[in-house]
Every structure is written in structure tokens, then in C-alpha cells.
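Since the structure of chain A is provided, determine the placement of chain B on it from the hints.
Protein chains: 2
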Amino acid sequence: MKAINKDLQLDDAATPSLRDGEVLVKVAAAGVNRADLMQAAGKYPPPEGEPEIMGLECAGVIADPGTTDRKEGEQVGCLLAGGGYAEYVAVPEGQLTPIPQGLTLEETAGVVEVACTVWSNLGMVAGIQEGDRVLIHGGAGGIGSFAIQLCKAMGCEVAVTAGSAEKLEYCRQLGADVLINYKEQDFAEELPGWADAILDVVGGPYLEQNIKALNTDGHLIVIAVQGGPKGTLSLGRMMPRRLSVTATTLRARPRPMKAAIVASTVEHVWPLLESGAITPNISQRFPLADAKKAHEHLDSGKNTGKILLTVS
Amino acid sequence: MKAINKDLQLDDAATPSLRDGEVLVKVAAAGVNRADLMQAAGKYPPPEGEPEIMGLECAGVIADPGTTDRKEGEQVGCLLAGGGYAEYVAVPEGQLTPIPQGLTLEETAGVVEVACTVWSNLGMVAGIQEGDRVLIHGGAGGIGSFAIQLCKAMGCEVAVTAGSAEKLEYCRQLGADVLINYKEQDFAEELPGWADAILDVVGGPYLEQNIKALNTDGHLIVIAVQGGPKGTLSLGRMMPRRLSVTATTLRARPRPMKAAIVASTVEHVWPLLESGAITPNISQRFPLADAKKAHEHLDSGKNTGKILLTVS
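Protein sequences, first through last, are from chains A and B.
Numbered by UniProt numbering, the letters in the first sequence go through residues 1 to 312 in order.
Numbered by UniProt numbering, the letters in the second sequence go through residues 1 to 312 in order.
Extracted from the complex, chain A is given alone in its bound form (with noise of 0.2 Å):
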């Protein structure tokens, strides 16, 4: 088969061969990640037996159901350790999931992982409800645009940081109520104990801001730490108001566990894509041999929404 090699060129690669309980999915196309750049930048390994190939989601057409009782044909959406920027990818069934009505492949394939770590995240980790006021770091981006969708359509306050007027004005257009330029404003001083969970992105510098905006048993969860990956916690300012701060990524994740977070994003989610409660917003595609191109196209910093590769 075709694959994307380490240096971002189209190139011959072995078939994946499956192992007990995977599939073998035709990929139709990829999503195209910021931990990809880290990765062909050599500085994201994939964890230990996963693919070397990138690419964390995708959606296809089951080409071999293996051991499972998957039939051939069947469209599925990835999330993937690895392996989506190919012809073909090796998928444990867990973590597949159905194509929501109403979205076509490529919108499917430009969702999973977004889906799966904002879900992963504010639903399972922090358990937002309704009424909860949530913050969103980067609420532009890929990860922050879904979060704000999500929080909203489940009923939350959302308060979002962004570095300018167009990239808030597009927050919010997807519901952000309280928008703040972290170029001009400091959101701690802006929103002292407001929220129930924030989602940051931005790691060490932003640790003593976000306890400081954190409300009485609220929940700071860090998820890429873009500014740095130290920072200083003021243990004496959590311990009254029951302050909490985790820190998660997907990728890592057992596979039985990545199976249980798209089980519960199915679940959570799904309905929601459906309805149209939020809605994929994918900017940019290229063909699988453009990859190095979609990857200085993100890398610009100027794009907003998904890139997509499209495979077949």
C-alpha cells in the first residue's frame, strides 16, 4: 500500500497485518492533527507496538473484518494510535465508531479525536453539567471550537481566550459568552473563581491564572502545554475551595480504555453531531501525497478549522 513516510513523502509501506480483534479499514480519509507535527518533527513518538505511520483518526470502509463480526463494507470512523495518513489501517474494534446521520466520511474523520479528547475530558474527567461555567483556552482552535459547541449544547457558560478579535468573533458565532483577548486582557483578573472546569492547552505559565479563575470545587484540566511544562501551584489557594488539576492525553491511553472513552463519546456525543448541535467545520483538504503541504498549511497558524487528507 501508499503511506506517508517520516519525511512527509508518499512512499511504499507494508500492509498493516491485524491482530486478534482489529479490522482493516480502507482509509477514505485522515484528519490532520497538531501532535502530527510534533510527531514529524520527531518529537511524538508513537507508544510502544503502534504504527510509526501518522495520523490519529480517520474514516472508511471496513476492507477485513479480521476476528470480529464486522461485516466488509461497513463505514467507521478511527481513533487511531497512529497509522491514518495511509491507504489502509489496522483499527482495534473498540475503537471504532458509527458514521453520525447526517455526516459524510470526511466530516467523520475530521471529528474522533477532537471528539474523543474534548468528551474524554470535560465530560468524563471534569463531569460538566448543566449550568456549570467552563473556560476554554484557545477557544479558536480545533480542540477549543468543539469545546465550546459541546459545553454549550449541554447547557454551560462558556468563557473562551483567544489572541484576537476575528479568532473571538468566530467563538463567539459558535456560542462563547464571555470572550477575552489574552493579548490585552488577564483572564484571571477578568474572571476570578468563575470557572467549574477549564481546558488549557497552554500548561505551566497559565497554572497560578487558572487556579486563580477556578470557582469552589472546580476543576483544571491540561491537556498540551503549548506555553511550557512547569509552572507553579498554590496548593495553600486550592485546599479551601477543593481545587483540583489533571492532566491527560489521549494518545497514550490503554486500549481498553480508548474503548471505553469512544463508547461514552458515541453515546454523549453522537446525538449531538446529528442534531446538529455541533457542527464539523473542516477548512482545508489535500491529497494523501500533499501531507507536508497540510502540514505547512496548520503549521501557519492562519488556518481555523480541520485539515483533512483524502485518500480514496
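Hints were generated in silico from the structure; no laboratory data involved.
Each hint should be verified, as a subset may be incorrect.
Remember, identical chains collapse to one label, so a pair may be satisfied in a single copy or spanning two.
Claimed, not checked - Within a straight-line C-alpha distance of at most 25 Å, the following computed DSS-like cross-link-like pairs (lysine-lysine) qualify: (1) Lys212 x Lys43; (2) Lys212 x Lys230; (3) Lys71 x Lys26.
All of these numbers come straight from a predicted model, not from anything done at the bench.
Then chain B, alone, in the frame of chain A:
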């Protein structure tokens, strides 16, 4: 009535008047806690609307059931936001416990606060289960010695830190499996990636080591910051292992939350007190009038076990 005043002297005080849902308890004995020392030093004021009198736990007999369906003369344990160093105290009904079968009123007075503190954190927040590995700092203290017994009764493996061979031997007798003298050993080097849950009273200075000592999906719970309130948090280390940090206090919680904690503690911990799996350890009794001596004894650091004030 008589009560201990801010200067730790026995003094006249107004007998508490009951608010809706409160009962008046004639105090038989009250537990002495480290937090009381802080309050006496002016560093730990009571929550708004709660008594100025010290004392976070007691046991006694209902003298006036107020608007509740309780009976006059019923023996009860009491989790208090304050007021235990007195002949009478007003207690919200949700903060009453039964006397565990086989325990005296005095033993109950010394066990309510520690049981609710340990269970609310290890049981309700960290969710420890049979087979989990739990690291307990200050294993020989009041919290630590109770936590060791609870964890062993639940089938956990237990590691402790303490500052002397004598204290570690005491922890071993209570059931601790791994003994670490923090003056001679670095617990993070001894137990890298070991703990599913850590119960910490040191705070800032232990934060980086605690993160190193946590197992994947592990949870650090900080309930005191005796070493300092701030530390460095390595979010980058936490992400791939999905670690959580929670800091809590019991006293500042609103009454409905305290009632939920008391109910869960009575459900899960009282049977372990009744079976003898957890045994209260009363080291010293002082008459109420000698509260100052009781504080000096606790402050000396030589005490192992619970100090009680006996009232009636």
C-alpha cells in the same frame, strides 16, 4: 455554660441557640486536632456563621433535639465546624454519627474528624480500591495512623513516610508494608511510579517528588501544607500518565457536603471500627479546663495517638 475561650482558658459562654435542623449536644469528650493549635494562634479562623469556640469533633448526648426527630438522651458523635471545647454545642443533624458498636463515647469523640477526613479524600475523591497502592505521608500522625488502618482493611498495599525508626515501627504495627524514613531516604527514588493514591500533609516541598511517585492514573491529595503552600508542578510529566492533584479541607465545606461525607463515612468506615479492623488510639486525656496543657502536649511533637478533652 462553660467553654474554652480564645486564650485557652475555661470561661463563661452563651449556651448555643439552635437553628432549624440543629440539635443541642451535651459534650462528653472533644478531640484535639492540629487545626485547633492553628486556630488558637489566630491562623485558622472559623468559617462564617460558625462558632468562635475551638473543637472540630466531639461525642455526647442529645440534650435538645430542636426541630429534628432525634430523641433526647441519644448518644452521638459529631463532626463540627467549631464549638467542641464546651459543655454544649449545636450540631446540624447531618453531622451526627452513631456510636460505633464496641466503642466508647470518648473513643468516638476522637475518631469522627479523622475518619471523615481520610474517607472523604481516599475513598470519595481518590476512589481507592482493593489492590491499590497508597502512599501516606506522616504515617505515625493522627491522620496517617488512621489512613494506614483504613487502607489495609480495604486490601490496599501501604507505604508510609515518617521521621524516626520508632514512628516507622508504629506504622508497621498498624499494617504498613513499606516504611520510609524521610530523613534518610528520598521516597520518590524509593517508589518511582508506585502509588495509585498519595495522602499528603507536607504540600509544596513534596510536590515534585509526589508526582514522580505516582503510578499511571494516580491521584495526589493534599490535605495540609505543613512544609509550605507552593511548589513546582510538572504538567509535562503528568500528561502521559494522566495524573491528578486535588487539595482539600474538610472544615470549609458547606453543610450539605459535610452531611454527605458523614453519611458515606458511617456507611463505609463505621463497620471497620465495629469489626476492630480500625482501632482508635487515645494517648492522653485532659479535663476541659486543661485545654492549654493539651495543646502544649500536641505541639511538643512527641505525641502518638489521639488527645481528648473530657467534659462531662
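We went through each hint and held it up to the structure:
In this assembly of identical chains, the alpha carbons of Lys212 and Lys43 lie at most 25 Å apart only when taken from different copies (22 Å versus 32 Å within one copy). Proximity of Lys212 to Lys230 under the C-alpha cut-off of 25 Å is found in both arrangements, the shortest distances being 17 Å within a copy and 14 Å between copies. When the C-alpha separation of Lys71 and Lys26 is checked against a cutoff of 25 Å, the pair qualifies only within one copy, where the shortest distance is 13 Å, while the shortest distance between copies is 72 Å.
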